[in-house]
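Asker: Each chain is listed here by its residues.
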Amino acid sequence: MLKFFGCKYKKIITFTPNKFVKKLALIRVTGLSKTYYKGENRIYALRNINFDVEAGEFVSIVGKSGSGKSTLLNLLGGMDTSAEGSILYNGRNILEMSEKQLSQYRKFTVGMIFQSFNLIPSRTAIDNVKLPLIFSNYPRRLRDTRACELLYNMGLYNRALHYPSELSGGEAQRVAIARALANKPCIILADEPTGNLDTATSAEIIALLQMFNKKHGITIIMVTHDKETAGRVSHKTVLLSDGEIIKISTNSNP
Amino acid sequence: MRFSDIILLALNNLRRNTMRTILTTLGVAVGIGSLAAMMSFGQGISGSVAQSIESNDIFTGMTISSREIVTYTSGSKRDIFAGDKRVTPLDDSALNCMKAWQEVAIVFPEVLKPATINLAGRSTTTNLKAVPVEMANFSPFDKISHGRFFSKVDEPKVLISKSLLEQMRIFIEGDNINPELIDGAVVLPEDSIIGAELEIVTKVFDPDKIRLVSTKGSDLPIKNEYSSLKIVGIVENSSFAAGMFSGGVFLPSGAIDFIPCIDIRNIYDIIDGVDGKYGKYNTVHLRVNDHKELKVVKNRLEDMGFKVFSIGDKLDDIEKLFFMLDTILAAIGTIAMLVSALGIVNTLMMSIYERRKEIGIMKSLGGTQIQIRLIFYCEAMIIGLLGGIFGVLGGILASQAASKVANSQVGGLIGCDIEYFEFSWALVLLAVGFSVVVSLAASVYPANKASRIDPLDALRRE
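Residue numbers (this note's numbering), protein chains in the order written: chain A, 1 to 254; chain B, 255 to 716.
Accuracy of the hints is not assured; some may be wrong.
What the hints assert, rightly or not - If you only want the chain A side, here are some residues facing chain B, beta carbon under 8 angstroms, derived:
#: 1; residue: 74
#: 2; residue: 118
#: 3; residue: 134
Since the hints were derived computationally from the structure, they do not count as laboratory data.
Even for Gly, the Cβ is constructed at its ideal location relative to N, Cα and C.
One chain only, chain A, in its complex shape:
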């Protein structure tokens, strides 16, 4: 009868017991390749990269200089979108996002930490931490509280009014971490965060990142060339060479 009246009748029943559902990856990188030209030569920065990042994982990307680690991290952070393949975050391809969507992604989803800290020299530590809160339209009366809380957690409460030039490398990087955490992102992308620091300070920074990963469940993706540290602290270590994944090793109890 329904068919007679031209109606299409379709009923989909899906029922899957929980134990069979594969946990959806937070980030799924599929067939990611990036090329650029140097003169007439085609250079492969990344070649067919495939890996998953689960929510709450600590993932390290290791490799020599020029292996494509930072290129991969910039693609994951939505700073660069000119690549083939896909990077799915919660099912949405970052590479196909509009400029506005990318801004939203960088604002609320990821927090970036750089080797050279990238603090704004004309703004004090607390003002640097408040900057993402300004862009995300965080209530003004709560901004100071939030920034102070973050600096306190980093052990920098007494350095809040200092300018970056008055901070040590470790302090500057901790301000950068506080800034990256300001908008409560679920992913922290760290591009060689210990590259400019001495061994003791590096260990402090890695410990901080580990603490945020374990205590707050924040997913950390860290680029480093220190294989030993990466293997020790990460759930998953992605080894890159010449833009290709050589090996993905896991550590169930970092």
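Mind docking chain B on chain A? Use the hints.
Answerer: Frame of chain A; chain B shown alone:
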């Protein structure tokens, strides 16, 4: 991101390089100051002229004649005695008809007698002009600063214009004049002029000579006639008084007949054989109550066949002239403003190159293109606003100083202080608004450039 946050970020950026911000703002201030001063100069001059013209009733007055009135157009002089086919005589009935019109404030025949006058050992030629006593309430006789107006229609007294005294290099004590600057100037107290006897020399026919002309044909049959009348007041100079009241010696209309003088017009009328055709009066002066009624009355008179001359209907030409003046001044000021706009572009571009990495950081933290653009717009707006305010203030101060200097130099010669500059609220707001708009326009390119900075590229740079 709130607007207040954008302003704070912009202020923070501007404060970072205070000297450059001050210099750029100063550039805008100079530009907008000169623009505002130029425009206020245009407004002030046209305003002063219009005010002077109105206060002198030039918009309301007209001269009526049955004949073509002497006017100078394109350097050629039209003949006062050119014949006209349709002539309406200008006589008492025509005068009474005009008096009956409700638009008309006053109408009286213009009677002029050429004469030579002698006062305080100085001599000059001028016209004796008849003024009815009703003119007491009209410019320029409503503001007699020295002495008084006539009390009777046939009072045998005269008023002398200040410009005529100055022509004879006679100045009154207390006036802002430096006699040392003028050759042969004499400064007299007011009392010695008012009450003094003015010797008037007019030309009359000499019957004895007429006989000689007919027999010998050698000399004109004219002789001097001497009269003496007491001065009762001095008529102030008015920069824009027209025709009849531009200067001379004024007598009550009933008293001028006591001064004998040859009526040249009558002679020519007799020669031309048109005596009486044009009526009793050569010209008549008429004033309307409101300058808006001038055209209506003029048209009506022209329809009646009279020739009418008034400065009031030249108003359109004057307005056109001032519009041109305003446009030229505004164009010069705009060029100054455009130069300062380039200064803004330069400042913002420099700022972009310096803050390239910072912009990259902002974008990596989630700053959108629009937010970055707004910060730059806001910086330009602040420069424009401050530049506009300081520019207008500077313009006002500079123009006041210039006005003072100009008045001290030429004010004495004109006889009154002129408001060379006029800063209306509209002009102030317009200038500040224009400054902000130009600054914003100047920031469009730098702001777009800043918003398109690739964060990755910017962060790589050290």
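Asker: Could you run down the list of hints and mark each one as holding or not?
Answerer: For each hint, the structure was consulted:
no. : hint : verdict
1   : 74   : holds (6 angstroms)
2   : 118  : holds (5 angstroms)
3   : 134  : holds (5 angstroms)
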